[in-house]
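Colleague: Next come the chains, spelled out residue by residue.
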Amino acid sequence: MNQKLIEWGRACLIFWFLGGFTAFAEAGEVSVGLATNFTTTFKEIAKGFEKETGHRVIVSTGSTGKLFAQIRNGAPFEVFLSADCARPKRLEREGWAVQGSRFTYAVGRLTLWSPKPIGENFLGPQVLSSGAFHYLAIANPKTAPYGRAARQTLRALKLWSRLKSRIVQGENISQTFLFVVTGNAEWGFVALSQVLDPKIGGKGARWDVPLELYEALNQEAVLLVKGRNNPAAQALLDYLKGPKARLVIEKYGYGMG
Amino acid sequence: MVDFTDLNLGPLWLSLQLAGVTVLVLLIIGTPIAWWLAHTRSFFKTAVEAIVALPIVLPPTVLGFYLLVALGPQGLVGAVWHQFTGSALSFTFSGLVIASTLYSMPFVVQPLQGAFEAVGKRPLEVAWSLGASPFDAFLTVASPMAVRGYLTAIVLGFAHTLGEFGVVLMVGGNIPGKTKVISIAIYDHVETLEYTQAHVLSAGLLVFSFIVLLIVYTLNRRLPLQVS
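In the order they appear, the protein sequences are chains D and E.
Counting along the first sequence from 1, when you hit position 120 you're at 119 in numbering that gives the first Met the number 0, and nothing is skipped either side.
Counting along the second sequence from 1, when you hit position 196 you're at 195 in numbering that gives the first Met the number 0, and nothing is skipped either side.
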């Protein structure tokens, strides 16, 4: 008799759980192709989004170029958060992305950084032209948007050809950061968001590169054709434009479009 | 028509140099290790065998990450090197040689060990009993007999270093003429949609690797271990 009661209780409990889940009747999943530099920021945004809507976000990170190639070869992403605007534009033109869904979700900031604090008032150009270092790390200018911005900056400062022999290149901005944070390169042009990441906490010395020295790092988001009929995908893009996401994005040192 | 004007063969040359130096280093330090492994009954034998084989199973990112930490100016190895040379090891050709030596170690040590085991102790003991010193016996009796093992070790070590990618990507820093090896150059070409150059270098590496393996297998059949 007692046994039966327990079983009943168990059944009720399961029912109650199921009921809880069906309350999110429209809850869905959205898969996102995400440029690596935005990972930490996006994790925080996605947490808020999942809590508010009940949708689940599945994230695949990679370099913008790699994700771009994957999307054009049938990757199952529904939303693409790029580190540039060229790739989303091209996806739209080639019919991989939904027309008119493209928008700038964040503007990346380039910063010259060293994990060793060297005092408050220092100027990046002075550090660079003093040449008191072995290596300067930048991301690969041919493939990574932050690398291109770094090269533009060095060219604008007329230091590119002088420092060329000391430049080491990371395959992407995360690897570039690793070169600097491990002390293998004394200085590096990295993303401000990386330095402001709670795990780093803004330590060390940095010189935020003035915006006029490099082309704006407009990071664009786009709805991909695979996600056209997924309400969760649209909801995520809407959330990304909203005030709650904006707060997180700015906290990590990104500008807004 | 294929346009070869943009094709830079520097990375290929660098890869060949790296592979050559690495194999040389590995023969020098791999021979005693393999010899010891082939003949010891030590308690540590299995552990050392496992350590030597580690690069086969570890992802290159693990090796690359540890090397980047160890070879840097604050790293254990890098700091000592810094004392003597004034620069760290990361982003240098020497650093890549160290990385490749670790990475290709099993491909040299294992064939050598197999060969030494096949030769056995008997021919050496005979040489000793005839008055040869152990070192002399090794050079004149054991190693000529293990020629097939050496050949396999050299070729595999060389080819494996040539095909190295992940570790170099992490500790190299993509410097033309110093650390930009062929695999990195191919990767760069692919990433920048320069498929023609990528094709040429890739096809070259593919054909080369095939020929190398073909030679190894052919010679292995023709050159029976000269035991008995």
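It should be emphasised that the hints constitute simulated quantities derived from the structure, not laboratory data.
Glycine included, each C-beta is placed from N, C-alpha and C at the ideal position.
Don't take each hint at face value.
Below, a list of computed lysine-lysine pairs in the BS3-like style, where the Cα atoms sit at most 25 Å apart [stated by the list, open to error]:
hint, chain 1, residue 1, chain 2, residue 2
1, D, Lys225, D, Lys202
2, D, Lys50, D, Lys115
3, D, Lys50, D, Lys163
4, D, Lys46, D, Lys198
5, E, Lys44, D, Lys141
6, E, Lys120, D, Lys163
Quick list of the computed label-pair ranges, beta carbon to beta carbon [claimed, not checked]:
hint, chain 1, residue 1, chain 2, residue 2, range
7, D, Ala215, E, Gly165, 28 to 36 Å
8, D, Pro230, E, Gly165, 53 to 61 Å
9, E, Leu57, D, Ser164, 43 to 51 Å
10, D, Arg55, E, Ala78, 14 to 22 Å
Colleague: Report the numbers of all earlier hints that the structure fails to satisfy, in ascending order.
Modeller: Those not satisfied are hints 1, 2, 3, 5, 6, 8, 9, 10.
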